[in-house]
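Hints given; two lone chains; assemble the complex.
From first to last, the protein sequence lines are chains A and B. Per my numbering, the very first residue in the first sequence carries number 1; after that it's consecutive. Per my numbering, the very first residue in the second sequence carries number 1; after that it's consecutive.
Just so you know, these hints were derived from the structure itself, not from any lab. Just so you know, not all the hints are guaranteed correct.
[Unchecked claim] Calculated pairs, SDA-like style, for lysine to any residue (alpha carbon to alpha carbon, straight line, at most 20 Å): (1) A:Lys98 with B:Val141; (2) B:Lys78 with B:Gly67; (3) B:Lys240 with B:Ala208; (4) B:Lys240 with B:Leu183; (5) B:Lys78 with A:Trp136; (6) A:Lys98 with B:Ala94.
[Unchecked claim] Stretches of chain B that chain A covers, calculated by requiring three or more beta carbons in the stretch to come under 8 Å of a beta carbon on chain A: (7) 57 to 68; (8) 86 to 95; (9) 172 to 181.
By construction, the Cβ of each residue, glycine as well, lies at the ideal position given by its N, Cα and C atoms.
In case you want the letters, here they are:
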Amino acid sequence: MTALQYARCLAGIVRREALRWLNQRGRFVSALVRPLVWLAIFAAGFHFVLGVSIIPPYETYIPYEVYIAPGLLAMIQLFNGMQSSLSMVYDREMGSMKTLMISPFPRWFLLVAKLLAGVAVSVVQAYIFMAIAWFWDIEPPLSGYLAVLPALILAGLMLGALGLVLSSFIRQLENFAGVMNFVIFPMFFTSSALYPLWRVEEASPVIYWLSEINPFTHATELIRFALYDRFNVLSALVVTVYLVVFVALAVWGYDPGRGLMARRAGAE
Amino acid sequence: MRDAEPPPEAPPLVVERLSHAFGARQALSDVSLSVGQGDFTVLLGLNGAGKTTLFALITRLYHSRNGAIRVFGHDLQKNAQAALRRMGVVFQQATLDLDLTIEQNLFYHAALHGMPRGEAIARIGEELARVGLAARRRERVRLLSGGQRRRVELARALIHNPSLLLLDEPTVGLDMASRQFLLEHVRALCHSRGLGVLWATHLIDEAAPDSRIVILHQGRVVASGPHEGILAEAGEPTLKAAFDRLIADGAAATGGEPS
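Extracted from the complex, chain B is given alone in its bound form (with noise of 0.2 Å):
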């Protein structure tokens, strides 16, 4: 896409000053946030915070005229298709086809991204592999279990290699073993691949000493920062207690209205 070429340094995701509402529901109000190349960044919020909201609008569900959103430096506005092109998404809800295989349902993705069979193929074998699916390809979905639906779907975001990957809530309803495996290999690709990651959760334990932290409530960005730095300003010596006074304090902030 020859747009007018954003800078090649361009990190993978910056939301500016984001504000979005459902008629009178504010749903989203001046959210900035930014995902590094490498990042493995939390999208922290308890349900209704307006996680999904974000994601909709990050991947062009729907847009919003207040605020902006850059992916690698292009708006999603002006150039979706080249921003779309770097992504790979990992939506809340199942998206994979039960009647179709694992394969069928790759290869529908690989052609939504033009990409030829070939390719397609030898990228859906690495991707299976990786995900430890690789020996049933030929499988129907709904023979799976619900942890294995997932690392489908997360192989499917992989497989047009992009570089920023959205995960919204991918652990949602996955015994202990599939969410570790999941959180390990994405943290694993971020490193890996340099790829710039945002998951959001509602699940505390899930950000890393390492991660960078974006908490979400009501609406607004209450804190966002590395781990410590977060800890530091809340001054609590973990992030569950943090997590808690940062959201207290925003909602006395905000009139503590409910959403």
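Excised from the complex, chain A in its bound form (with noise of 0.2 Å):
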């Protein structure tokens, strides 16, 4: 196989991720909900119950739908991670696993290519959600649409392959309601989206090193960092460490000797 042929079979897969993204309507409009409500609805009745001091990078006070505002994208982006990978082993779309796979192309290279394929997905969703947010007075400055792109792009990866590797090895959250439940909720809120990890720390110490240690917590602040021009570097480091440790996991368990496809047909 040649770099070419990698490249074409790289695209192939993204468009398809996103072709599936704007035909399935009901995805894409959830998708965009699911934030915006968050925004209009929790973040306006919490706006006089929580002042939020200022911390970095924000420089003046400010309120609070300013500050859940990068939560709500890394939380798009777990969404995602969780849809487009766990999707894979939900039996209707069982099918759509074994031709990925029997593809001739080696297995990392097609997992690797899925996970890029959603991230596409999950910045483009991102983006249109900072769109709307703007009329709700979510106004980082323009450099930092732009300085936001990698930290997505990386917060994405890592929150992708955490749903590759529970696709694999986790049978039992085969709903996703399941996946809801044990993994988003828990994920989102033992982290800094909701609220500064400072004030975390005076009622809980046990819950804020909880925190410390989430993935999510650190996707969110990689974020919400970039998105004022502000470089997190302990952020960016844990979340790339995460995410390594997440790729070689979710490459070990699609493994043809073991993980999810023996295991699931055996189940049958």
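Set out below in structure tokens:
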């Protein structure tokens, strides 16, 4: 296989993911509505309850909406990562997984390509959300919109890779409700997405430390800082380390000798 | 792929002493079979005989530590890429994206084989014309009937010009006309292109007198050979009777354990 053939394969996988996303209206709409509901209702409700003092990267007092926007961007990516990866293990989609796996390209490449395709879609969603959020006075500097792109890509890769790992190892999470309860909600609430961690520390040191090691916290902080033209070195490192670990686990999990495909067949 | 070059006359598919277990359940035991060039080989077995497991192993969805599979002489474990490149597959379950058009589905498949766009367009046109769906290439798969979807899947399996075609219960759920079309079409390909075909089914009448037959029962091959050879071995006048006798004997030999 030549480099050109690899490129064609990758382009084909990304194209399919994009077409599917555009064609599945429900998925398209819910992906946008979900974070907007948080922004329009949840944040409005807490607007007067929670004030956020001046913490980096912000240089002034900020309304609560502004504080949670980066967390909602990360949430878009978390949902997307779970959806595009875990959808592969649902029965109705097992077929598409098989079609992918019988491609003559190496399996690690197919998985990474699948991951990149999911990220491409989640980045587009994130930008659409930011465009709408602008009307809620979430107005980061213009340069922030550009600076956030690499952050979104890195965070999206990491969260997508997590979805791949879960899809290869965990057979019980076969419906989305299970994923919501045991993955998305715990990750989202035990993070800096909805409240600054220094306030959490005052309330519960245990939850504080859980939040500190939560990859979602660092995805959120990476995005938050980038959106205001700052680079959060620690978060970038943590996200990268988690990404490497998750990709390695996913490739291991999809090895033909173990993991998903064989165990699923055994369960049939 | 430049691995240890296999002999040029290596057959499309050789399965040697293949066994596979899911936990305590033995799905395949010591299965051997081969598909030669231009052979239409029918893998005949009841539901649960192990046909789908065998297909999953041949397509390397997972692999087994016991036994070997070679595609045109390429060992599937050592050189899966070379093997997969020459293989076209129609799975038992539907694998098309319903919300995409026929053409989009086929382009995706062409990309998975690294095909340039121009070549993909030409091949898609040819294969769709052959199954009579060229005019509908821009339609969404959701709008097609079951038989038409199967035809698209067959066209897809052939886009990259494979020399070995695997079909796992391809006629399940199809009406008589679609079934007939599919069978005749694949048989014709077998003759005209010298394609090696492995056709899994539980429908005995899909095995024509010129087919080679492998009977799989409870994970074991209980008989294999040309049509008339099977009849002779069982001492029965029809394949249906031969099949019943052979699997009864096979069950007796293995203690008749239900799988």
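Here is what the structure says about each hint:
1. Note on A:Lys98 and B:Val141: the hinted pairing holds, with a Cα-Cα distance of about 18 Å set against a maximum of 20 Å.
2. As the CA atoms of B:Lys78 and B:Gly67 are separated by approximately 13 Å, the hinted pair is consistent with the 20 Å bound.
3. Taking the CA atoms of B:Lys240 and B:Ala208, the gap is near 12 Å; set against the 20 Å cutoff, the hint holds.
4. The suggested pairing of B:Lys240 with B:Leu183 holds, with an alpha-carbon distance near 19 Å, which does not exceed 20 Å.
5. Proposed proximity of B:Lys78 and A:Trp136 is contradicted: the alpha carbons are some 57 Å apart, above 20 Å.
6. The hinted pair formed by A:Lys98 and B:Ala94 meets the criterion: a straight-line CA distance of about 10 Å does not exceed 20 Å.
7. Only residues whose beta carbon comes within less than 8 Å of a beta carbon in chain A count, and the region 57 to 68 of chain B has 6; three or more means the coverage holds.
8. Check result for the region 86 to 95 of chain B against chain A: holds, 6 residues qualifying (beta carbon to beta carbon below 8 Å, three or more required).
9. With a cut-off of 8 Å between beta carbons, the region 172 to 181 of chain B has 0 residues touching chain A; three or more are needed, and the interface restraint is violated.
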